[in-house]
Each structure stands twice: as C-alpha cells, then as structure tokens.
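> In case you want the letters, here they are:
Protein chains: 2
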Amino acid sequence: MAFDKPRNELYQWSVVSALVDGVASNGLPMSDLLLHGDHGLGTFRGMQGELIVLDGQGYQMRHDGTTRPIDLSPSGDITPFSMITFFSPTISTMASITEKNGVEPILAALTPNARNAHIAFRLDGAFKSITCRTAEGQCFEGEGLKDVVGRQVSITLGPARGTVIGFRSPEFLQGIAVAGVHMHFINEERTAGGHVLALETDGEVNVQVSELWRTIMDFPRDKQFNEAEMKLDAEGIRKAEG
Amino acid sequence: MAFDKPRNELYQWSVVSALVDGVASNGLPMSDLLLHGDHGLGTFRGMQGELIVLDGQGYQMRHDGTTRPIDLSPSGDITPFSMITFFSPTISTMASITEKNGVEPILAALTPNARNAHIAFRLDGAFKSITCRTAEGQCFEGEGLKDVVGRQVSITLGPARGTVIGFRSPEFLQGIAVAGVHMHFINEERTAGGHVLALETDGEVNVQVSELWRTIMDFPRDKQFNEAEMKLDAEGIRKAEG
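For the record, the sequence lines run as chains A and B.
Each residue of the first sequence is one higher than the one before, starting from 48 at the first, in this note's numbering.
Each residue of the second sequence is one higher than the one before, starting from 48 at the first, in this note's numbering.
To be clear, the hints were calculated from the coordinates, so they are not data collected in a lab.
Here the structure is a predicted model, which is why all the values come from computation and not from measurement.
Zero decoy hints are in this set.
Taking CB as the label site, the calculated pair distances span:
id, chain 1, residue 1, chain 2, residue 2, range
1, B, Pro136, A, Lys270, 21 to 29 Å
2, A, Asp171, B, Arg115, 53 to 61 Å
3, B, Thr137, A, Cys186, 35 to 43 Å
4, A, Thr137, B, Gln104, 33 to 41 Å
Keeping only pairs whose Cα atoms sit at most 20 Å apart, straight-line, the calculated EDC-like set for lysine to aspartate or glutamate is:
id, chain 1, residue 1, chain 2, residue 2
5, B, Lys278, A, Glu282
6, B, Lys52, B, Asp79
7, A, Lys270, B, Glu218
8, A, Lys286, A, Glu151
9, A, Lys278, A, Asp265
10, A, Lys52, A, Asp85
11, A, Lys278, B, Asp280
12, B, Lys52, A, Asp265
13, B, Lys175, B, Glu235
14, A, Lys52, B, Asp265
15, A, Lys52, B, Asp51
Over the 12 Å line for every Cβ pair with chain B, so calculated as not near, a few chain A residues:
id, residue
16, Lys52
17, Ile138
18, Ser143
19, Thr145
20, Glu151
21, Leu157
22, Arg180
23, Gly184
24, Lys193
25, Ile202
26, Thr203
27, Ala245
28, Glu247
Glycine is no exception: its CB is placed at the ideal position from the N, C-alpha and C atoms.
With the rest of the complex left out, here is chain A:
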C-alpha cells in the first residue's frame, strides 16, 4: 500500500507552553517526526540549538555557530517540541522584505481567508542581512524557555543566500503554537542559521505559502509534561519566539 502523505496538514509534538516550563528532557525521535512532514521547525533535547527541516532534510543549528544533519538513528536526536508539515505550496510569488515585521502582512495578504488557520511558508533567495539566534540549551533539567533564550547567541549573516522555513499561527493558539510568525533560517551552504530575529532581503525573494486547516497534535506521555503548570505566558512567548 502506498503511503499517502497528508499534504498541508500540521503535525505538532507538544506545545510551546511546555517549553516555557522547561519540558525538554524527552521527546519524539526525529525519525518519527519526519514521518509527519518535510518542512518544519522545532528544538532538541535540552533546547540545544534550533531545528530546521526543509525538503525532508533536518539540521541542528547550534549555539557554537555550527550545523549538522540531524541524527535519525534509534539512539539519535529527539525533539521536545516541533511543528512540521508535508509542504505543498498553493501560492508562489516574489516579494521584497525590508524587515521581519514585513513578513506577516505579506502572508496575510496572500491568505485573506485563513486568518484563523495556520499558514506554512518558505522564503528562498538572497538576504541582504539576516540575524539568527541559536539557543545554547538548558543549564539544568527543567530550566524554562525564557531563561534559556536569555543566553541566546545571535549572529548576523549577509549577504547570504538561503531558505527561511516558517509558520504563521493565529492569536488564539498562543501557547499551543507561537502566535504570529515563527521562522528559522539556514544558508544555502547549510553551514549557518537559526531562529530568525531580523531580516532584510536583497531585492525580491520567492515566497511560497500553504494554508493548514487540519492539525494533528501529540502530547508527550512523560512525567515532566504531566507535572508542568503551563500557565499561558503570552508576553514571554512573544519575546522568546515571536
């Protein structure tokens, strides 16, 4: 039987509020995550670095500035939080973007009927400048996202060719996902990138978009998740991940 990939459905493992509470010791094997998509982002055990998945290939982007393909072996990488989809863009256009805040209005204009749905998007091309952060990871088990991100390392690349993988999520899903735009970048050489803090394109880049109307959400069956309080910290999430 052929494996029918469910195109443009969002799969997510855990929720952002669990990361906020430091739930990052366990998670889904990356080999299982990739059964649910070829386009995604997330993090690693202990919030060590940033995950980007593009064209079915995942990379870890680490705080020391290095990157490596994710380890899909049985004892390999796991993810305590990720969002992924089999990306089948229904819109492809060119746009120039002068600041990170310019991404959301472009997406909103392209998908006026999906204001309250998730959007998956991808930007490809030349960036005049792109600033990325990579989380160094937890200093101790259960350390919260806010403190981890407080020690983030950021680098500014550019000019650089590369790809941004992102999701735009509606406001009412804050805490489940990241409300607004959440995006990770990796350069064309696959040697540098991270969570996007700022960007400016060098002329126009290709913008591809799909609307995601179905979400499949799995919760971790582990003690840390079970005990997490997960009170919504909307402002904290905006600062850490927005």
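Could you slot chain B onto chain A? The hints should help.
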C-alpha cells in the same frame, strides 16, 4: 482495505472560542463527524440544543424537552463545534458521586499520568438526580455563546437511569476545548437529557475512562470563523460550559 478506527484519539471540529464568538451558522455534516468517533458531544447549527453521541448513535436534545436521532442525510444536521473519539476505555470501575464537582477528582485519581492530556469518560447507571440544560439556540446569526446560554432551559431528572458522555480537558487548552469536565447526559429511554449542570448518583455507577494523547483538530473554512476575534474568555466558558 479495512477501515482502521483510531481508538482513543480526539477529533475536534472548530474550537470553543469560536462558539463564544457566535460562529455557529455553518459546520461539519454529522455524517462526517461520525467518521471520527462513536463517543462525543457538541452542538448544532445555531446552537440549537445539545449533541450527544454514544455507541455511535447521535441525538439532538432540544430546549423543548424533546430528543431525536441526528439526521445523517446529505442535507441533514451539521455541527459548528464537536469533540468525538472512538472510545475504547482502559479503565472501568464503580463509583458513587454526590455532586458534579465530584467527577473531576475521580477522573484525576484514575489517570494520574494524564493530567495534561484529554480524558474521555462515560458514566452508566442510576442517577438520583441529574440537572441538564439545553440551549434554545441563537436569536440571530452570530449571537455569542454567553447570551445563548443565558436563555438556557434546564430540567431536573431523577431518579433516572442513563448515560453521561464526557471529556476532561487540561487547563492550558481552555478556549480550544472546555477546561475541566464537560459532559452531556441522555436517559435510558433516549427521551431526555442535555448538558449536565448537576448530578448525584443513586448508589454506584459504572465509570469508564480512556486517555487521549493525540488530537486531530479541523478548523472551519468559512467567513464567520475567519472573521471571529476569539479572544479567550476563560470565565465566560467556565460559566457557559464548565
């Protein structure tokens, strides 16, 4: 190919915050909803009455005190919000319950490792008293849940044999689902019931429970949902649905 029913996965159509905003003009045909489960609850177009699904059979319980099997024809009933699962209980026990607030501690004690997951449950037996409300429906398109429920009709049944179908959802999903316990009742004769406001068992009833670790959530692709603000009204939801 045999249709493999995904046991103990939650399927939900839309979110509670959309109902709060009065998004109830359109929805999923009930015939499609039943592809996703045999145990569930929800509402109807215009919030007219309460939906209960048990053993794969759905009923509408209306404000005039009547009930009827749901209409599965192509032009039949639709639901603007529902939660459903193929219920395969992993726990079955007997318990006596003296008040509605007694349900949640029993569920919590039976599923200590699923504090942050959804729980599906079912109570069968004799109720000394059970008070149910049925929503009369919207007076105008887009009328919010709070105002609709303000006009609810409640009846107290008892002694009555029957079945409670319910879900217990974690606090961090308030607005997506109903945080805490949400349950609908129908009597053995299938002639009366509704959203449970109060209950007391007559001796012990059978309590069946399953943990739901996966959620599949579909969002409505319609103008009303797209335009809804869906600001979280936790207190309003607690009053209307808790």
